[in-house]
Amino acid sequence: MTDLAHIRNFSIIAHIDHGKSTLADRLIQRTGGLTDREMSEQVLDNMDIERERGITIKAQTVRLEYTAKNGETYTLNLMDTPGHVDFAYEVSRSLAACEGALLVVDAAQGVEAQTLANVYQSIEHDHEIVPVINKIDLPAADPEKVKAEIEDIIGLDASEAVLASAKSGIGIDDVLEAVVNKIPPPKGDRDAPLEAMLVDSWYDPYLGVVILVRVVNGVIRKGLNIKFMAGGTEHLIDRVGCMRPKIETLDEIAAGEIGFITAQIKDISETRVGDTITTVKNPAKAALPGFKEVQPVVFCGLFPVDAADFEKLRDSISKLRLNDASFSFEMETSAALGFGFRCGFLGLLHLEIIQERLTREYDLDLITTAPSVVYRMHMTDGTTQELHNPADYPDVVKIDFVEEPWIEAVIYVPDEYLGSLLKLCQDRRGIQKNLTYVGGRAQITYELPLNEVVFDFYDRLKSISRGYASFDYHQIGYREGDLVKMSILVNNEPVDALSMIVHRGAAEARGRHMCERLKDLIPRHLFKIPIQAAIGGKVIARETIAALRKDVTAKCYGGDISRKRKLLDKQKEGKKRMREYGSVSIPQEAFIAALRMGDEG
Amino acid sequence: MPEIAQPLALYVHWPFCVSKCPYCDFNSHVRERVDEAAWRKALIADMEYEARLTPGRRLSSLFFGGGTPSLMTPGTVGAIIEAADRLWGFADAEITLEANPSSVEAERFAGFAAAGVNRVSLGLQALDDTALKALGRAHDLAEGLAALDVAQRHFPRVSFDLIYAREGQTPEEWEAELTRALAFGTEHLSLYQLTIEPGTAFATRARLGRLTLPEEDASLGMFEMTRAMTAAAGLPAYEVSNHARPGAESRHNLTYWRYGDYVGVGPGAHGRRGGMATTRERLPETWLKTPVASETPLEANTRADEALMMGLRLLEGIDEAAFAARTGLALGDVISASGLAETTRLGLVARTKGRLWLTDTGQPLLNAVIARLMA
Chain B
1 MTDLAHIRNF SIIAHIDHGK STLADRLIQR TGGLTDREMS EQVLDNMDIE
51 RERGITIKAQ TVRLEYTAKN GETYTLNLMD TPGHVDFAYE VSRSLAACEG
101 ALLVVDAAQG VEAQTLANVY QSIEHDHEIV PVINKIDLPA ADPEKVKAEI
151 EDIIGLDASE AVLASAKSGI GIDDVLEAVV NKIPPPKGDR DAPLEAMLVD
201 SWYDPYLGVV ILVRVVNGVI RKGLNIKFMA GGTEHLIDRV GCMRPKIETL
251 DEIAAGEIGF ITAQIKDISE TRVGDTITTV KNPAKAALPG FKEVQPVVFC
301 GLFPVDAADF EKLRDSISKL RLNDASFSFE METSAALGFG FRCGFLGLLH
351 LEIIQERLTR EYDLDLITTA PSVVYRMHMT DGTTQELHNP ADYPDVVKID
401 FVEEPWIEAV IYVPDEYLGS LLKLCQDRRG IQKNLTYVGG RAQITYELPL
451 NEVVFDFYDR LKSISRGYAS FDYHQIGYRE GDLVKMSILV NNEPVDALSM
501 IVHRGAAEAR GRHMCERLKD LIPRHLFKIP IQAAIGGKVI ARETIAALRK
551 DVTAKCYGGD ISRKRKLLDK QKEGKKRMRE YGSVSIPQEA FIAALRMGDE
601 G
Chain P
1001 MPEIAQPLAL YVHWPFCVSK CPYCDFNSHV RERVDEAAWR KALIADMEYE
1051 ARLTPGRRLS SLFFGGGTPS LMTPGTVGAI IEAADRLWGF ADAEITLEAN
1101 PSSVEAERFA GFAAAGVNRV SLGLQALDDT ALKALGRAHD LAEGLAALDV
1151 AQRHFPRVSF DLIYAREGQT PEEWEAELTR ALAFGTEHLS LYQLTIEPGT
1201 AFATRARLGR LTLPEEDASL GMFEMTRAMT AAAGLPAYEV SNHARPGAES
1251 RHNLTYWRYG DYVGVGPGAH GRRGGMATTR ERLPETWLKT PVASETPLEA
1301 NTRADEALMM GLRLLEGIDE AAFAARTGLA LGDVISASGL AETTRLGLVA
1351 RTKGRLWLTD TGQPLLNAVI ARLMA
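First to last, the protein sequences are chains B and P.
Letter 326 of the first sequence, counting from 1, is numbered 326 in the working numbering, and no numbers are missing.
Letter 227 of the second sequence, counting from 1, is numbered 1227 in the working numbering, and no numbers are missing.
Read the hints as simulated data drawn from the structure, not as lab findings.
The beta carbon of each residue, even a glycine, is placed where N, CA and C say it ideally should be.
Fair warning: there could be bad hints in the mix.
Said to hold, decoys possible - To list a few chain B residues with every Cβ distance to chain P over 12 Å, as calculated:
1. Lys145
2. Ile237
3. Ile464
Claimed, not checked - Here are the simulated lysine-lysine pairs, BS3-like style, with alpha carbons at most 25 Å apart:
4. B:Lys550 / B:Lys519
5. B:Lys227 / B:Lys266
6. B:Lys538 / B:Lys528
7. B:Lys222 / B:Lys285
8. B:Lys564 / P:Lys1133
9. B:Lys266 / P:Lys1020
10. P:Lys1020 / P:Lys1289
11. B:Lys281 / B:Lys266
12. P:Lys1289 / B:Lys555
Extracted from the complex, chain P is given alone in its bound form (with noise of 0.2 Å):
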């Protein structure tokens, strides 16, 4: 079996946050205190678990999500990222902490980097008060630029997030927010259009209609001027909305994308390993009193679904091996002939080289066209 030989992603998550987001529909919490003893303890014990049923797996990344994962103390930082060590070992490993750009977490940067936080990604969100303050975030843009200031001098890689096509927003103004943004000098940038969840505060203002977000062509637009800015600017697209120096991608992202294996600990974490998809209880108080996995093996079918669906949000898209050896399937005999055809007709899908891959055209229609090659 050449897959125990795999590198394997480990993902931890911290559940609480300061407040709750109107856009966000990740497995977030708002509680008064955390027993952050207790949580250190159930968090390396399901690491735990996990590592028994991963032997002589070495982690090449590890990403602190949430949540956020910045109100934990460097103490339980580090207490986790040396059990990991201790579990599986680390090759090389890219560790990544999600950080508010506060000042209160701020102060907490050094000592992350002293437990062993190589990279950080910073939720910045957008460079104007004004739209800060309709995203629902605590931070101004005055404190969000000091954090990120203390940032890249304390980690060797730094990311931020920003949100874009906002209600409102023209593309006028986002060219000027991303030349601003570009001019910080990260390696890493996650550009996100602004996407209504289902769930969310926002979901509900866009019912009502009192929401009204930017219309297909103007979407459209911004989204190329990004990926012209970003490739200017030596940092271009590497997937939809992932920009970086090449060769500063994120690494615990990628094994995502290619449909590595991953392991994923805390409450409401997703994990695919050998085969199985792997789920946590998401309350956090349920998770804590029982933080065991729900185990559910993925057919052949499926899993060669969600590597299309995942691989082809890589501009580099899809290695037809590596393809064959994670789902046992070819690839050519998964996809639809007439969507495959149809799509690479209309110049939005190529294949050569044993790669299957998005145009420019495509990347834009991806949904469509994983839809028609799908089908």
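Bound-form chain B, shown alone (with noise of 0.2 Å):
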């Protein structure tokens, strides 16, 4: 056990290229949790995405241990954690089981808006910050101009900032030294009754579920019977232990330490982020603050495109809800993707990572239909149904009407480019609640239909303010909408992956939108094809791909017949990609690049 007043626990916030992964990991060698060898992968980003994108999707911990220079030895909790507004929430708990935060701003580059978010974050969690002004020994690093920024953008003083370089080893032990100095030891009584929040979980393949906990009150030991306050399920813990980052068993973790334990659990569903874990006997009054139940907000098909990897698909999701409590799946059939299943996640961000991993792990090739939200269906009759899936749209004459999910979003945006995001959210249906401006930035609160966020909202975000907008949103409860389920057809059949539900006064411009995509992405046939997009039997936009008039090979002799062959083996090949519907050969580009579309057209 260790006490209070040496334990540090506390996160990095940084800009993605800022130095987060490498200043984590100067500090896990410096320290000497791994030798030179083992570090010359980066450590705490665990998952090729997580490593590609640059964000961390699990929180990851690891403990440090510490000799000073006034000679005492320290406890040092570094807690990574993800770094995206589809895990605001796990974000929000991460930051909760710390007292305080390095921020690694890059020397030359200043202050990014995406970091404002996660300080703002930080700050609201009373966290003490420490300003890392990193990669100081670039040619064109300007640290005196980055302190400046530091206390006009984020007003914080910056005076003290530590000066480092991750990459060469310069400043490691000052950051460490700040680390102990700035950032306050964590409160707690060990005599208490156990209180312990559940900071995330992941499966093991080896230890079972592994949960990743900081004890507020109390001790946390082996055999202890313990009991999750909001799941409600009880269980006997079997291991406690720390990350160094490689796996080391304790004794126990006593109040104001961050570790892990196992209790045998198979299903990670009973474990949920924010819980509070007591025992069973002589349990906490009351439960830790800051729970919710995790829902999943955005819904999509995902469908083989080999039907005959269906059950490998059912196989791959199965593994991967192992890890991953927070998206949802059941089955689904659709007239022309066959079987497949309709899956819930946190966010647009949460759904490609899925869709990525079963591409990437799995090795599965996937339609994905379009994404979409849940709407709560008022019907006529008094009853009220929730609407996943737009092909589940009910008959028209039975709605009375139709609520959808808002949420408030919040904006951060270099001025240069507010013109712009604000004709976004106007677009977007959005409704202005609030403008302020924070030196040369502006702050807009809007509030947005969630349907419309979910479909490409974010990726124009990116592309209009060239990557300096950062975005945080929050559900705000539903709202009756002039909603409408619009259809595509093609060659009269309506294609069901390509339904969306979407509003009257956008339907036209998003049909419209969408046949000129199809007409380019739908190959020609040998008749012509048109492509409707109609709201019950109404056509609102049409377009029509022409008949190909003439497609043959000039010369074709003795010596050319293998390879002809081959060409036409190849396209029968290519044809097991597509998706038939009436008499119409779809390839699998067309649903993404179609569901994929932006607002230029």
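Two chains, two separate frames, one set of hints: put the complex together.
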């Protein structure tokens, strides 16, 4: 056990590429967590996707032992937090487990807008924030200017900012000293009833579900019977430990400490982020504040390109779900896509990550249908239904009115992009609530329908602001909306995978755009193909793909047979990746591209 | 096995050319000197190898292709014809030689005829000096026409090739050119729309945007005009690009399209015999060292696909009985029922009296129709 005065729990806030992972690696190396050889790869971002996208999906911690200049040895818990708005709740739980943060800013590039949202979140958790100016050995480094930016834009005192270069190993000890001297030690009472926050959990094939905890009061140890206060289940702890970053078994984790436990839990959905863990005997009187039930907000269908892969997809989704309780899935049948799953996600990035992992780690070719949110259908008979899938849209005459989820979005954006950003929000039926300026950057608060946001809003935001805008949102409930189901018909047959629920005012423009896109994406056939967008029986947009008129190889003699046949075989193979609607073969790329349409058109 | 009695076609590949044409993707090579005696010996040895594997079959045709086989001396051509006669024997054989219409080669025409060649196919390619230059041809029009004249005097059967739908060519220009071509009175014409083949100089130019072919509508218009004009002149199309006086079709090429057996010797030559696909090393020098065939057995399905792909090129279409005999599969079981229904409904194919064939509207869509029937 370590006394509270010798514990520091902190996270690192940084813009992508400002050196968060490198700094974390240096801190681990300096305190002896890993050998140089083991350090050859970045340690904290485990998944390929995390490394490639420079984002963290799962919270990770590492425990460091540091002997400070004052001669005392401290236990430092470094928490790596997820960094995307889809995982805002997970971030808030990770931050709640710490008392401070290092704010890493690139000495040449200065403060980036995206960092602000995280800094403010950290400030809201009463964190002590230590500015670290990284990459000071770059020729373009201007630490004084960056210090001024930190003071002007964020409002933090930067006079004692640590100057470092994680890459070159400069200032690493200064960072560690600042952690010890500036970040306050945790509070807590080891003799009180157990209150531990479930920070994150993941599935390990050898250990079962591993739970990352921050003990607030009391002590957690092997053999203890514990209870999840929100989840309601009880478990026997069989292992207590920490990551250094290698797994190390401990006797106990006491108040103020961060570590992991295992309790022979097989189903990750029993371990809810933010839940309070207490003992079965002598439990805590009340749960810790801040727990939220995580609900999927974006839904889409995932179908195997090759129908024969359905079982493989089921298997793979089940395996992924072992590690991620925040997405849901149930079987779905589509007239043309065959058997697949309707899946729910925390947001679009979450959707993309799951889709990418299925493709990459499980080697599956997938067709993803248009993302949709959960609508509340109020029927004329007084009942209410939740609608996850446009294909289940009820008969219009039976609908009284429809409600859709709304969000409040807070967007930080440099001045120069403000105009285009306001237009984007306006186009997406946004209601402006607030607009303030913070040192050359605007902070805008908008209320927006979520269905306008799941539809490529984030991509547009990034492209409009050239990556400088940051975006954070939370749901603010349901509101009535003038919503209609728009169907896309190819050769007079509805393509269920392309139908979507849209606001009546936006339907025509979106329908026209969709038809134009499909016209370019569907290859010409032997006959002409009408493409229509329709609401109910009314066609609101139409395009026609002209029939193919000439396609003939001029020369084919005895020496050409093999080559020409191979070309045909290739075509046949390509055909497997297409779907038939009204005897029209639609390539899989057309689905994906049509659904990923921008506003340019 | 009724197949044994079927006549056999022999293809002999002469891989050398004076220069390489920018549109040509055939196995042709430019060499400063060729040891013709060694080549003669090797080609005959290759024929002997094939003859051992096709006992009891007689040749219905022999085709000298290339490359430029008219660069061979009449002595070599004669020796190969003699060897073919000795190894298989001819059954009233059509013996064709592809020739360049140059003055040098025209001087050999008498010798080729004396050696036994009874049909010549001239690579005239265009009746316009600018076009000939653009196509990278070594001859000019006057030389070409003179060679055609010599050929018509020496050979009982003469065909020539033209390439149309060339860059910048208008339908009117092609109409005039084809009118002139039909007036020469040959019994056979091969009229190819210019196609950009991968790996050619034209492919590079097209990729760089320095070569643009006529749009779909214009090229379809020229295709249909070609059909109408040749029919009116008594040389109707019998295959996508081949036109002949009825009865004067290329017997050798019909063997390919009817998916009959053919033996291919020489570098890069392909063959189909007894359910096997044969190939040879493409590079002349490599082949000369190891003139050994590599052989792959073809599955019934593959044979059926090939027979379908080749047979539909012919206006006569596919004889279902012959198809079944050649592939061991019934045509109705091989093609997609929905594909057949769709293409029939669209008026692109017809299936009557034991034949499947493409209609006039179906012909220019051959590739797409085949893909639909095979899906």
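### Violated hints, by number in ascending order, as checked against the structure
Violated: hints 8, 9 and 12.
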